[in-house]
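Colleague: Heads up: the protein sequence lines correspond to chains A and B, in order. Residue numbers are given in my numbering: position 320 of the first sequence equals residue 320, and the series is strictly consecutive. Residue numbers are given in my numbering: position 171 of the second sequence equals residue 1171, and the series is strictly consecutive.
Just so you know, the hints here were simulated from the structure itself, not pulled from any lab data. Here the structure is a predicted model, which is why all the values come from computation and not from measurement. There are no misleading hints in this set.
Here are some of the chain A residues that sit facing chain B, going by a computed Cβ distance under 10 Å:
1) Ser157
2) Gly159
3) Val218
4) Arg220
5) Gln261
Only pairs whose alpha carbons sit at most 20 Å apart, straight line, appear in this in silico PhoX-like list of lysine-lysine:
6) A:Lys265 with B:Lys1197
7) A:Lys265 with B:Lys1034
8) A:Lys15 with A:Lys28
9) B:Lys1069 with B:Lys1034
10) B:Lys1197 with A:Lys271
11) B:Lys1251 with A:Lys265
The beta carbon of each residue, even a glycine, is placed where N, CA and C say it ideally should be.
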Amino acid sequence: MSENKTPLIEVKHLKEYFNINTGFMRSKPLKAVDDVSFSINQGETLGLVGESGCGKTTVGRTLLNLYKPTGGEIYYKGKQIKTKADINEFRKKATMVFQDPYSSLNPRMTVSDIIGEPLDIHKAYKTREERHEKILTLMDRVGLNSEHAARYAHEFSGGQRQRIGIARALALDPDFIVCDEPVSALDVSIQAQVINMFDELQQQMGLTYLFIAHDILVVRHISDRIAVMYLGKMVELADAAEIYEHPLHPYTKSLMSAVPQPDPKIARSNKRIVLSGDIPSPLNAPSGCPFHTRCPYATEECSQSMPEFKEISSGHFVACHKAAEIN
Amino acid sequence: MALLEVKDLHTSFFTPAGEVKAVNGLSFNLDRRKVLGIVGESGSGKSVTAYSIMQILASTGKIVSGSIKFDGQELVGAGEKVMKTIRGNKISIIFQDPMTSLNPTYTIGHQLMEAILLHTNRNKHEARERAIEMLRLVNINEPEKRINQYPFEFSGGMRQRIMIAMALACEPDILIADEPTTALDVTIQAQILELMKSLQEELGMAIIMITHDLGVVAQMCDEVIVMYAGSACEQGTADEIFYNPAHEYTKGLMRSIPTADTAGTKLKPITGTPIDLLNLPKGCPFAPRCENAMKICIKERAERMQINEFHQANCWMNVKEGIENGSIEISKEGGEES
Ligand SMILES: Nc1ncnc2c1ncn2[C@@H]1O[C@H](COP(=O)(O)OP(=O)(O)OP(=O)(O)O)[C@@H](O)[C@H]1O
Ligand SMILES: Nc1ncnc2c1ncn2[C@@H]1O[C@H](COP(=O)(O)OP(=O)(O)OP(=O)(O)O)[C@@H](O)[C@H]1O
Ligand code: SF4
Ligand SMILES: [Mg+2]
Ligand SMILES: [Mg+2]
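In isolation and in its complexed conformation, chain A is listed as follows (with noise of 0.2 Å):
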């Protein structure tokens, strides 16, 4: 990664509040991304981990433009994304494979037309013959029996599915890919299969990914960097290795600590830090650092003030009060 490359996406200060209604006529902001800056260079892989509801489906959904960002500038390959006509553009090189192999496909619709849909939509084909060569190839490149095509999507297994779903994103030749937690349904074996799909599709195409996933030892194994979220503010982010290995925000170390490692020596000899405390409600956000109600290093100062997200050593930006002290 070189310094001064322009990175293919950059956020600015990203903020996404969903109006919550709290009863009559009384609305509330939920503020389900809170002043998230990160960038992504070209051909790499930034993992995004964080608790369920911290905010990460929201970050790559905001990004892509599916939801309208309540604040914040994106930038792709350095030019902001700001009209209607950038918007449309960008969503030509940027999508996203979704969670849920199971219900992310629609099961009345044949696999061609499951993949074909966004060639479609943008008119991206002359003639039926190019629309159909187009599906075949794709389908060749997750690794699907062409002679399938005409199949509905309920007849293929999780797995299968899920190479659907990322032929899908592939249709219209993208360079950034939102992966959200795609291989969280899978089962194990069929979870290296489709991991592996990823790398060499990202050596074959160069492409850049946004990987979210909830398995610290997946994302772990595919990003270069890794970017950890807590209640809706990015709280750590850094290489994979440097972030797996030398956590510095007292979440994540409680989260790496926390990993179930799947070798009965190491997992018997771990100590893990246990966390108590509140949990907070996204729409009731404490305070200073949305941490501190759990953080065991917290003092007055945290309870006050938010912590500025900083670089602390080259490529390792952490949000916390207490970073220097306790490390």
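Fit chain B with the ligands to the known structure of chain A by using the hints.
Modeller: Chain B with the ligands in isolation, oriented as in the chain A frame:
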């Protein structure tokens, strides 16, 4: 005598397409205070095994043959009356899908207390105290208030934890946990697993832990059964299964998990698709996907072989290796263990 003895269990579903042999020929023992892990790919029969023990199979499902003994008492064919004294009381289960197992029309306090009153010797006041204590143990904040709320007022992960509280509140002799932590975050999962472990030690409970997460198995289990196509292809102590796997499926499974060391390399998945339970082959059910399958594997299923004191497997590779290293001698009738 083991607390639970399962012998040659066969459970099938009778469907329009034919007999689905979901469990075929599973045997294992579970001792008090032990944690037994059951792993295996989706559809290998893990949940059906659990439902067979509890006798809560779908109406098309039936235990075709075999024996399940709890504390010496035969449960197969024992009837509903006996099973009612077992379920919840002696053996309780945490279901894979928590949404289906809480009653939406009662408060969680009501449901917890009902279970406690039914299965333990506590009065109403004590039951309430116990319910609150259990909720606190599974990390539900302000349990005194939340006890009056209905299931829909909790998140998915919280409902899962309430299910766990309910199963544990009855202090069963055996807890069957079917994928108990898949819906939970890593940090909460760690907390729940520690809780299960401490209650297991405190109450002397035995646990059957069904999961596809080998990390959870490594952390929790004393013994492990690896299931493939409805039967155990291998079983032994956790250390033996992880460090000395003796069935080609288990070896493939271990190779396919990402770890901190696999970054930047290719994972090694098991190729092919799971077996069709309507048409089980007569050879080793893993043979069609096995890289090292030999002629004999396709023709005939390997008998259970004792790998060592702590470890058994049904895989012809062990015979091949045994012959090669001289630990198995060949008599005229063919391969036999020495
Ligand atoms: N369309 C929406 N309307 C209102 N609130 C929403 C919407 N989408 C998400 N939220 C809320 O925003 C927060 C972040 O949700 P998000 O789905 O991004 O979390 P996540 O990190 O992807 O979680 P998970 O790991 O469970 O998928 C949650 O509190 C969620 O309830
Ligand atoms: N009610 C049913 N009718 C017909 N077949 C069934 C029924 N329930 C289960 N089966 C079949 O029995 C086999 C074993 O299913 P089981 O639910 O035990 O798998 P599992 O190992 O628990 O899988 P998973 O990891 O996906 O939970 C599967 O092939 C399944 O399709
Ligand atoms: S800022 Fe304070 S509360 Fe937040 S993580 Fe750091 S020490 Fe803990
Ligand atoms: Mg999500
Ligand atoms: Mg199951």
